[in-house]
Amino acid sequence: MSLSDKPAASVTSPAALLFRQARGLWPGTALSAVIAVAATALASLHSGPQLLYALLLGVAFHYLSQEPITKPGIEFCGRSLLRLGVALLGARITADQILGLGWQTALTVVAAVVTTMLCGLAVGARLGMTRAQRVLSGGAVAICGASAALAISSVLPREKNGERFTLMVVVTVTVMSTLAMVLYPFISRALNLPPELAGFFIGATIHDVAQVVGAGYMISNQAGDVATIVKLFRVSMLAVVVMV
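So the mapping is simple: the numbering used here equals the position in the sequence shown, first residue as 1, plus 468.
Derived by calculation from the structure, the hints in this document are not laboratory data. One or more hints might be untrue.
Said to hold, decoys possible - Label pairs and their calculated CB-CB ranges:
#1 L647 - L550: 13 to 21 Å
#2 L618 - H530: 34 to 42 Å
#3 S512 - N629: 44 to 52 Å
#4 K628 - N660: 45 to 53 Å
#5 N629 - C587: 21 to 29 Å
#6 K539 - W571: 41 to 49 Å
#7 A658 - V623: 35 to 43 Å
#8 L552 - R632: 25 to 33 Å
#9 A658 - V591: 22 to 30 Å
#10 L525 - R547: 15 to 23 Å
#11 A506 - R594: 46 to 54 Å
#12 R632 - K539: 48 to 56 Å
#13 A490 - A590: 44 to 52 Å
#14 K628 - A658: 30 to 38 Å
The beta-carbon is built from N, C-alpha and C at its ideal position, and this holds for glycine as well.
When you get a sec, could you build the whole thing from the sequences and use the hints?
Right, here's the structure in full:
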């Protein structure tokens, strides 16, 4: 048997790999798109917040996130696509808008982050937490929730049950952020807060970026823009905390 008679090794082209991956993602992605369209239609018909309808529909169809056929696409939309959306939202924010908030707003945000960190360290000490656990939980609450928890945990010394504690912090701040996303718009309306103040309130208090965006735009586009700017300013302080 000559060399030319040997069967050629099967080589999968990049295009074939991409097609195979896309084929696995499309059922869950299509489901997410249908939910998004349905939420938009409900918001138009009933004059309610589009993102709240999307959240309620997502909860109703949550069981599909465990189905093998739809799970990959739903996870893709909930992670990669959501992060892309937040990034594009941030790209809409101009330097003039950031400067337009004023130095008083920036100083207030910095003071709030520092105060939250110090309170976390103090309360954690009273509860008998280690220094690493106090920094981790305080940073997660003060800056950007789960993302801050994971970033800070990566530079802290390894401890026994450290990964378990990090997971607990991530789950806790995610649940709290989701509850805040639903409740804070109603609180803002009940207090008759103007859009700029409501956006500042939401951007300065809710943990995760995605929930800040959701809560802000439930109120109005102006409140959503302000909330996003304030939140991204908080996120920018993560590098300082990680380096310290």
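Now the hints, each set against the structure:
1. L647 - L550: 13 to 21 Å: Holds - the Cβ-Cβ distance for L647 and L550, about 18 Å, lies within 13 to 21 Å.
2. L618 - H530: 34 to 42 Å: This hint is violated: roughly 23 Å between Cβ atoms.
3. S512 - N629: 44 to 52 Å: Taking Cβ atoms as reference, S512 and N629 lie about 49 Å apart, which means the hint holds.
4. K628 - N660: 45 to 53 Å: At 50 Å between Cβs, range holds.
5. N629 - C587: 21 to 29 Å: Given about 23 Å between the Cβ atoms, the range holds.
6. K539 - W571: 41 to 49 Å: Roughly 47 Å apart at Cβ, these two residues keep to the hinted range, so it holds.
7. A658 - V623: 35 to 43 Å: Between A658 and V623, where Cβ atoms are some 41 Å apart, the hint holds.
8. L552 - R632: 25 to 33 Å: holds, 31 Å
9. A658 - V591: 22 to 30 Å: At roughly 29 Å between Cβ atoms, V591 and A658 fall inside 22 to 30 Å, so the hint holds.
10. L525 - R547: 15 to 23 Å: Holds, since L525 and R547 (Cβ atoms, about 19 Å apart) stay within the stated range.
11. A506 - R594: 46 to 54 Å: For R594 against A506, whose Cβ atoms are near 47 Å apart, the range 46 to 54 Å holds.
12. R632 - K539: 48 to 56 Å: violated, 25 Å
13. A490 - A590: 44 to 52 Å: Since A490 and A590 have Cβ atoms about 50 Å apart, the given range 44 to 52 Å holds.
14. K628 - A658: 30 to 38 Å: violated, 45 Å
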